[in-house]
Structures are given as structure tokens and as C-alpha cells.
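**Q** Sequence:
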Amino acid sequence: MGSSYHQFCPVAKAMELLDERWTLLVVRELVSGSQRFNELRRGLPRMSPSLLSRRLQQLVRAGVVARHADGSDVRYLLTDAGHELRPVVEALGAWGIRWVGELGEADLDPSLLLWDMHRHVDHSAVPDGRTVVHFHFRTLPADLRHWWLVITPGEVDVCDVDPGHEVNVTVTADLRALVEVWRGDLTWPAALRAGTVALAGPEALRRALPRWFELSDFAPVPRPVPSAGPVRA
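No gaps in the numbering here: position 169 of the sequence shown is 169 in the UniProt record's numbering, and each next residue is one more.
Simulated from the structure, these hints should not be mistaken for laboratory data.
Hints may contain errors.
Label-pair restraints from in silico Cβ distances [as the list claims (entries may be wrong)]:
| no. | residue 1 | residue 2 | range |
| --- | --- | --- | --- |
| 1 | Asp162 | Pro224 | 19 to 27 angstroms |
| 2 | Val225 | Asp143 | 14 to 22 angstroms |
| 3 | Leu51 | Ala200 | 36 to 44 angstroms |
| 4 | Val167 | Ser124 | 16 to 24 angstroms |
| 5 | Val225 | Ser50 | 41 to 49 angstroms |
| 6 | Ala204 | Leu51 | 32 to 40 angstroms |
Where a beta carbon is used, it is the ideal one built from N, C-alpha and C, also for glycine.
Please work from the sequences and hints to get the whole structure.
**A** Written out as C-alpha cells, the structure is:
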């Protein structure tokens, strides 16, 4: 646990645990459904494994997370105390998307985007059987440019190496544009009209693809109406 604020205020006591770097993002991933260490790493791609391990140990000691081991299968599950942090995470995310709108280039991560998208597939809208969506981020370095989602009933795999299956639809996009679509800052039709996102494949699948994905949990959050500025006499 981090250093003490030496205040009896319960906000201060909570922040002694939660304001250490990455801690609340680990909780975010657990709230989002990740349970295994490698799943947590996929949702926190820029966090070192050693730091993730330390933060999990701290959360276990604090009673926020319980570690369950069944042989080599180790899962990290939220306790009652951990589940009570869900509205905290949701409120922070809603506040952040409403009031902290600017995204730097370093904030745009295809690994995190595809990991988040894979958790929001609407299986009832995807064709039966196996559906493969290839994502081509045209401006990224070669090792980050190509990603695949392999969607089967009840399961979605994220691949950064060609899985070898026939591709049903290819999404060619500027990473920023697809992130903005995902966050609800830009609509699919607007991105397609602008050419910052393009779809290739059979027409029926191209038309259907936006319905295959439920957007980020924070996409519906209302944004502030821009001020018209001071009224001049």
C-alpha cells in the first residue's frame, strides 16, 4: 500500500490504496471481466508483468481481490469490497470521457482497442459459425499494423498474427478514427463517409459489421455542449 496521507478522512484512506500508479486500472480490468494474469496483461499492455504482479498482491492483501488457484489455473476475482468499486470506475470513466477529451498520439493503442472490442461483440448479430474480421491500421508501424478478431459462438480471439482463416471483412482505418468511433466521439457512418474507416468484403457483411460491436461502455455518456462564448454588447 502507498504512503499514508495521515488523515482520518475515508477518501484519504481509500486513496492510500487506489492512487498508486496502475492500481485502479487493474481494478478496471477486473471489473470488465478479466480474471487470469494474461488477460489482465492484454488489457494493460504497457504495464510490466512484475508491476502487475505487485499490484495484484497489494489488492489481495487489502481484501479487494481474492486469488483462486486450481492447479496451474490461477484466477483473480473481485471480493465484495472489489465489486463495490464498479460504480467508482464507471463514474471516473464517465467523468473522463465528458471532461478530458483530448487524446495524444501515445494514447492510441491498437492492442488495447482490439482487446476492448473483443469484449463487446454482440454474438446475436454476427453470422453463425466462424467470422474473421481483419483490421488494417494503415499508418502504424508494420508490427502493429495488422490485427484479427476470430469470432465463434460464445468466444472471441484477438490475434496479432494471421490466424490462417478466411477473412470475411477487412476494416482499414486510421487508428485515431476507429478509437473515436469506439468511444462514441464519431459515428460509424461519419467515419465511413470521411474515408478514415473503410470496409471491404461482401456488401451484406459490410453493412452489418457496425452492429456486430456494442460500443465502449462510455460511448453513451453525454458530452458537454460547447460554450458559445461571452455575449458582446
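**Q** Each hint needs a verdict: does it hold in this structure or not?
**A** Here is what the structure says about each hint:
In this structure the hint that Asp162 and Pro224 lie 19 to 27 angstroms apart at CB is violated, the actual value being about 42 angstroms. The supplied range of 14 to 22 angstroms is broken by Val225 and Asp143, whose beta-carbon atoms lie about 41 angstroms from each other. With their beta carbons about 40 angstroms apart, Leu51 and Ala200 fall inside the hinted range of 36 to 44 angstroms. At about 22 angstroms, the CB distance of Val167 to Ser124 agrees with the hint of 16 to 24 angstroms.
Under the hint 41 to 49 angstroms, the C-beta atoms of Val225 and Ser50, about 45 angstroms apart, fit the expected range. The hinted range of 32 to 40 angstroms is not satisfied by Ala204 and Leu51, whose Cβ atoms lie roughly 46 angstroms apart.
Against the hints set out earlier in the document, violations occur for numbers 1, 2, 6.
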